[in-house]
Structure formats: structure tokens, C-alpha cells
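Engineer: Below are the chains, spelled out letter by letter.
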Amino acid sequence: MQEVTKITNRTATAASGEKISILAFAGDISSTSKEAILAAYHNVNNSTPKILLDFTGIDYINSSGIAIIIQMLLEANKSASGTIGIFGLSPHFKKVFTMVGIQKYAKLYSDESEALKEE
Amino acid sequence: MKNGRSVEVRLPSELGFEKIAMSTAASMAALMGFSPDRIEDLKTAVAEACINAIEHGNQLNDSLSVAVVLSTTADELEIKVIDDGSGVGTAPAKPDIDRKIHGEEDSRGMGMFLIQALVDEAEWHKGPPGKSFVRLVIRLDREKH
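Top to bottom, those sequences are chains A and B.
Mapped onto our numbering, the consecutive letters of the first sequence carry residue numbers 1 to 119.
Mapped onto our numbering, the consecutive letters of the second sequence carry residue numbers 120 to 264.
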């Protein structure tokens, strides 16, 4: 009964000139999203070390969904060379992400232009 | 809306149905005049309480349902989420992001913490099957601050 997360992948250029992969999510992120999200992450992680996660199209994310993002950050932290930034969170989910401490391991930007400027 | 109104929703023990309780709670809170940001807090807390009841309380058992009882007074909305599990007796711990990132703590297990952090009152009651519940309360007086 859980909705499937739609994931699209695009590439952008940061203000620094560096290529960045953007994984854009739409719909819901819950426990059933794990395999698809981690597969998409592994796929782009092989091409660019910097990755941005776009939550603009997300309506619902629960604690199991947040755990998937933490799993991704765990893998990025292990690899040492890769970084993950996040943008497009609603004010509510930005607050929730901050409550669990995600901002310690992923920068939270308000939108794509701010993320590309800062990365 | 008159005071003392009550709505009950029964959910199948299948993940995804928590969104039904979430929408019902949001509608009740909107009718009572809660602000949009507090309704968002409530939606997450109710969803997490229902997920725990479906997954841990009823262990995804198709023959069991989760009862969600929403009751209003003049200044508060109370939500009880009742399941057939044995209940939770311990207070939720704050997730340790450093331990999670280093694989020393399960990346999951944040639901109870979020519930407690997002509503004005949260308490867990242990009981016999069909009597264990979590009780959440949000109050209108906080809207003034």
C-alpha cells in the first residue's frame, strides 16, 4: 500500500565549475523506497563525488525514509571523497532533519540555485 | 466545531495506511484552528505512532487492526493509537547521529523520539492485547505564543 518513490537523475555545474549529480525524489519516501534510492545513489556516486538530493517533489517522508538518507550518508562518510547536500525540503521536514542531526553530515540548502552556488 | 467531538478510524496492519490517520488528524486539527506548521508536526507524530502500532504492536498481522481515536476539547486535540502488542514501557532515546553514521547504532529507530519532540504530550501505555496505546496531545493555547 506504500507509494513508490519516483527518482530522476540529472547533472548540473556548480559555481566552482565542478559537475554535480542531482537525484530528485518525488512522492513518498518510506521503507519500501530503500532499494531504489540506494541503487540510484550507487549509480551516480560512481560518476561524480558530489551529489545533491532534491526533495522539492516529496510530499511525505517518515522515519524509515529518513533512515535511508542516513544510510546514504553513512556510505558517503565511509568513502571519504564523496559529499551529499540536500535542498528543497519543506520547512517542516527541514526541522525534522535538523532534529535528528542530519545537518551535521549533509548541508541543507533552501533551493537548487543556493546549493549550486555553495557547493 | 462543538467541544467533546470524537472520531475513530480503524487501520489495517499494513504500512501505508498510516496516511489515512494522518489526513484525519490534519482535518480535525484544521477544524479546531491549529496553524499549518503545528498540523505538519501532528501529521508526522500521528504517522510515526501508527507505523509503530502496525509494525511493532500488531507485527503486520492481517487479522489485527490499529484503532485511532481522535477526541477534542475546547483547547486540545487528543489522539490515541491502540494496538494488540504488549506496549512500550521505556522513554524514547534521542537518536545519536554520530553513532548512526559510523554504523554503531541502527539507522532506524527515530519514530518515538520524533513523536515526543513534535507534540505537547506523548505517553506510552502498556496493556493486554487491544489495550496498549500511545496518547498524543496538542494544545491550542500554544498557538498564542
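Incorrect hints may appear among the rest.
[Stated by the list, open to error] Result set (EDC-like, lysine to aspartate or glutamate): computed pairs, CA atoms no more than 20 Å apart in a straight line: (1) A:K95 / B:E197; (2) A:K95 / B:E159; (3) A:K94 / B:E223.
[As the list claims (entries may be wrong)] Examples of chain A residues lying across from chain B (beta carbon under 8 Å, computed): (4) V4; (5) I37; (6) L38; (7) A39; (8) T56; (9) L73; (10) H92; (11) F97; (12) T98; (13) K104; (14) L108; (15) Y109; (16) S110; (17) S113; (18) L116.
Derived from the structure by calculation, the hints contain no laboratory data.
We put the beta carbon where it would ideally sit given N, CA and C, even for glycine.
Engineer: State for each hint whether it applies.
Structural biologist: How the hints compare with the structure:
1. A:K95 / B:E197: 23 Å, violated
2. A:K95 / B:E159: Since the Cα atoms of K95 (chain A) and E159 (chain B) sit roughly 11 Å apart, the hinted pair holds (cutoff 20 Å).
3. A:K94 / B:E223: With Cα atoms ~25 Å apart, K94 (chain A) and E223 (chain B) exceed 20 Å; violated.
4. V4: It is violated, given that the least Cβ distance between V4 (chain A) and chain B is near 11 Å, above 8 Å.
5. I37: 13 Å, violated
6. L38: Violated - the Cβ of L38 (chain A) stays beyond 8 Å from chain B, reaching only about 11 Å at its closest.
7. A39: 17 Å, violated
8. T56: Not OK, violated: T56 (chain A) not within 8 Å of chain B, min 16 Å.
9. L73: With Cβ-Cβ at 6 Å, under 8 Å, it holds.
10. H92: 4 Å, holds
11. F97: 10 Å, violated
12. T98: 10 Å, violated
13. K104: This interface hint holds because 6 Å falls under the 8 Å limit.
14. L108: 13 Å, violated
15. Y109: 19 Å, violated
16. S110: 16 Å, violated
17. S113: 25 Å, violated
18. L116: 25 Å, violated
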